[in-house]
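J.: Spelled out, the chains give:
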Amino acid sequence: MSWWNLLCHELRAIFGNRSILLTVLGGVVFYSFLYPLPYSQQVPREQKVVVVNLDGSQLSRKLERMVDATPQVELYDRAQSIEEAEQLFFSRGLAGILVIPENFYRDLLLGRSPTLSYAGDGSYILVYSTVLEGMLGAGGTLAAEVKVTRMVMSGQAMALAAEQYSAIRLNIRPAFNETMGYVTYIVPAVFVLILHQTLLIGAGLLGGGQNARMAAGHDGYWCQASPLALLVIRALLFTAIYWPLSLYYFGWCFDYYAIPHHADPAELQLLLLPFLLSAATLGICIGALLPRPELATLIVLLTSIPLVFGAGFVWPRMAIPAPITTILDVVPVVPAINGFLRLNQMGAEFSAVMPMWKQLWWCTGGYGLLAWLLLCRRQRLGRSDTGETASTPRSATTADS
Amino acid sequence: MPFSSLLMRDLRELARDPWLLSLVSWIPVLLFVLMLQMFSQEIPRELPIGVVDLDKSNIARDLSRHYQASPTLEVLASFPDLQTGAAALRSGDISALAVIPADLGKDVMLGRPCQVTVFVNDQFLLIGKIIGSALLQAHTTFNAQIETGRNLFGVTPLIELAVSRAMVTTTQVTPLFNLNVNYAQFLVSAILPAIWQILMIVTTILSLAASRRQRTLPGWLGATPGRCLFARFFLLATLFWLQGAAFLTAMYVWLGWPMHGSWPLVLSAQLLTAWASVAAGSLFFFVTGKVETSLSLAASYAAPALAFMGVTFPVTDMTLPARIWRSFLPVSHYVEVQFAQVNYGAAIESAAPQLLALVLFGLPLLLVFVLAHRSLGREGVAP
Chain W
1 MSWWNLLCHE LRAIFGNRSI LLTVLGGVVF YSFLYPLPYS QQVPREQKVV VVNLDGSQLS
61 RKLERMVDAT PQVELYDRAQ SIEEAEQLFF SRGLAGILVI PENFYRDLLL GRSPTLSYAG
121 DGSYILVYST VLEGMLGAGG TLAAEVKVTR MVMSGQAMAL AAEQYSAIRL NIRPAFNETM
181 GYVTYIVPAV FVLILHQTLL IGAGLLGGGQ NARMAAGHDG YWCQASPLAL LVIRALLFTA
241 IYWPLSLYYF GWCFDYYAIP HHADPAELQL LLLPFLLSAA TLGICIGALL PRPELATLIV
301 LLTSIPLVFG AGFVWPRMAI PAPITTILDV VPVVPAINGF LRLNQMGAEF SAVMPMWKQL
361 WWCTGGYGLL AWLLLCRRQR LGRSDTGETA STPRSATTAD S
Chain R
1 MPFSSLLMRD LRELARDPWL LSLVSWIPVL LFVLMLQMFS QEIPRELPIG VVDLDKSNIA
61 RDLSRHYQAS PTLEVLASFP DLQTGAAALR SGDISALAVI PADLGKDVML GRPCQVTVFV
121 NDQFLLIGKI IGSALLQAHT TFNAQIETGR NLFGVTPLIE LAVSRAMVTT TQVTPLFNLN
181 VNYAQFLVSA ILPAIWQILM IVTTILSLAA SRRQRTLPGW LGATPGRCLF ARFFLLATLF
241 WLQGAAFLTA MYVWLGWPMH GSWPLVLSAQ LLTAWASVAA GSLFFFVTGK VETSLSLAAS
301 YAAPALAFMG VTFPVTDMTL PARIWRSFLP VSHYVEVQFA QVNYGAAIES AAPQLLALVL
361 FGLPLLLVFV LAHRSLGREG VAP
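Taken in order, these protein sequences are the chains called W and R.
If you count the first sequence from 1, position 48 lands on 48 in my numbering, and the numbers rise without skipping.
If you count the second sequence from 1, position 188 lands on 188 in my numbering, and the numbers rise without skipping.
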């Protein structure tokens, strides 16, 4: 069978298969809207907190107003005691409690350090850090004001005091993802995962479907073609189909969600090539192994969540036990996510993503070889099966039983 | 056929299919253990940061030792200039870069204002936030030390007064329900239900598909489709319930994580979630009539569920479309019950809205029976 014939057959097999089209084209487009949906507000705002003001002085009320004025926190209610605040916290589903101690103002004037207590709901990561950011920020500002006032009272010039209230100020700047938004955080990594997973399903559905038809006694073009030609054409075809889809993600979607991207387009494509090739060869391996097409979806679906959390952008890689990271490293999406984040989000030089780039080529080579062996085996099995049924029906029935 | 023998027949069929047997036996265990292992460190330690020390004074070295002393931080490298430091930050070798300005030591001694700028890689937002709060902590104590020293020098000989002048107010921060700020626990307790829901939906679809493949719908459902289907759903939901109970036990008994609420309530919510997931899975199967297509739909339905559960990003800040989509996912109702019980030990009646929402998944289940009847009618016409 000529390469051209094989290409036509493959094209027909892919574009004539509704499930593959649904997953590859439908899935990629659908996910591009669904995944960012919950995060579209980017940052949590105006989390409701309750304040327990045991002091009642003017300064403590000023602190209340300052807390309320932060974008992170909204003062939802006042409570007379900590017990009452706790009850409100549960019944209204609030996010935090601020306790201003008794004699707060007097202690400040006397030069004792009164203790402000902040409590946040620690079971929701983002809520907790947002609430604390707001309350600590307001508390810190108030403390600085008090300090400046005190310095002025002891004879310092106002301008000097305003600058010197702290020995060394800490200025924390978000380096990438400057708005600290959630879409910018999750989407660039998850999009790589979506491309990878849908590609695996697509290639798996194709291979698994052909296996199932072979088992049912159908003979197809994939039995006559040379395994190497089949592998090369199929891998290149899936890469070619996914190229525009990747560009849709990295181009249009990133613009649509206003995600900053720093990579040089040429370098991005340079990383894209081994990523798509390695995913395609892995998908062909999966397809060659599975007896039925739907199992490809099953396997890919079950591995999605472990891959998200193992890739290292949510949970630090060094906190994950080494045996797990070793296994994860041979899945193309893990080096790919790390590579794309560095190159496109963090603006790294290409030399910095060389380890991931090489890793992806190793994956391509490894899975390519494996896929070739598997396809050879499948063809041998297919030939012997059909051969036997044609020549001696009896041996086929014994093989069946 | 009596109901019990229907169940036995289904159970035997399940045990014969190696894929289905794996899906209800070792695969859930493997996935649950894998996720628990992945987060076994619980609190990230020694996150790599870099320092650009343009000052090289005693105070600058002291400050960088202060960072190093924080259990969360590890000063991995000291860079001679900003360019090399920034390159390391961009390539991801370090997660934050602290720039100590020239003359910091001199300025501190002279009481001039000065500031240390830290660039934190917030592309990895969670890691960035952890680093940010560790830096803030290290810095606050360092500042208090310096200012106390300075006050002792010039303002007052009393150490207490010197401290209180340095720190006008002290703060006490209490992470409620999570005293160690152990994020892993809370992530895992949401991740496991999300995986559980995926497992339930795909197992339901594959189990229905296996029966149809081996015996065809008329051959399997025969004259009493309602009873046969109900027996299958009953078996699956019970198995899923056991899986749910298993991961709950693993977290709150075996690992000993705190659990403040009512076990019976969480378990009942799990039972309803199991039935709701069976309803969702079988609906996909009977609507599409094709196993690959129904699994594809299941993938788009269940795979992003974690994002909608409201654990990583608060529900109150989700837009309306997101909240609508979320309400169609059984696990998002379940996880609210689980969190309210496990963390807050909330009153039992507070779970009513979530339980009601889960009961409403009975409607798609009814629809499944109707659809099954119809497809039975279609396929039954042939021989």
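Hints listed in this document are in silico derivations from the structure and should not be mistaken for laboratory results.
Built from N, CA and C at the ideal position, the CB exists for glycine as well.
Just so you know, not all the hints are guaranteed correct.
Unchecked claim - Here are the simulated distance ranges between beta carbons:
1. W:78 - R:316: 18 to 24 Å
2. R:74 - W:110: 51 to 57 Å
3. R:30 - W:349: 35 to 41 Å
4. W:144 - R:362: 43 to 49 Å
5. W:78 - R:362: 39 to 45 Å
6. W:260 - R:74: 40 to 46 Å
Said to hold, decoys possible - Taking lysine to any residue pairs in the SDA-like style, the calculated list, with each CA pair at most 20 Å apart, reads:
7. W:48 - R:26
8. W:48 - R:226
9. W:48 - W:93
10. R:290 - R:176
11. R:106 - R:161
12. R:290 - W:18
J.: So, for every hint listed, does it hold in this structure?
T.: Evaluation of the provided hints:
| no. | hint | result |
| --- | --- | --- |
| 1 | W:78 - R:316: 18 to 24 Å | holds (21 Å) |
| 2 | R:74 - W:110: 51 to 57 Å | violated (41 Å) |
| 3 | R:30 - W:349: 35 to 41 Å | holds (39 Å) |
| 4 | W:144 - R:362: 43 to 49 Å | violated (58 Å) |
| 5 | W:78 - R:362: 39 to 45 Å | holds (43 Å) |
| 6 | W:260 - R:74: 40 to 46 Å | violated (28 Å) |
| 7 | W:48 - R:26 | violated (43 Å) |
| 8 | W:48 - R:226 | violated (49 Å) |
| 9 | W:48 - W:93 | holds (9 Å) |
| 10 | R:290 - R:176 | violated (48 Å) |
| 11 | R:106 - R:161 | violated (25 Å) |
| 12 | R:290 - W:18 | holds (10 Å) |
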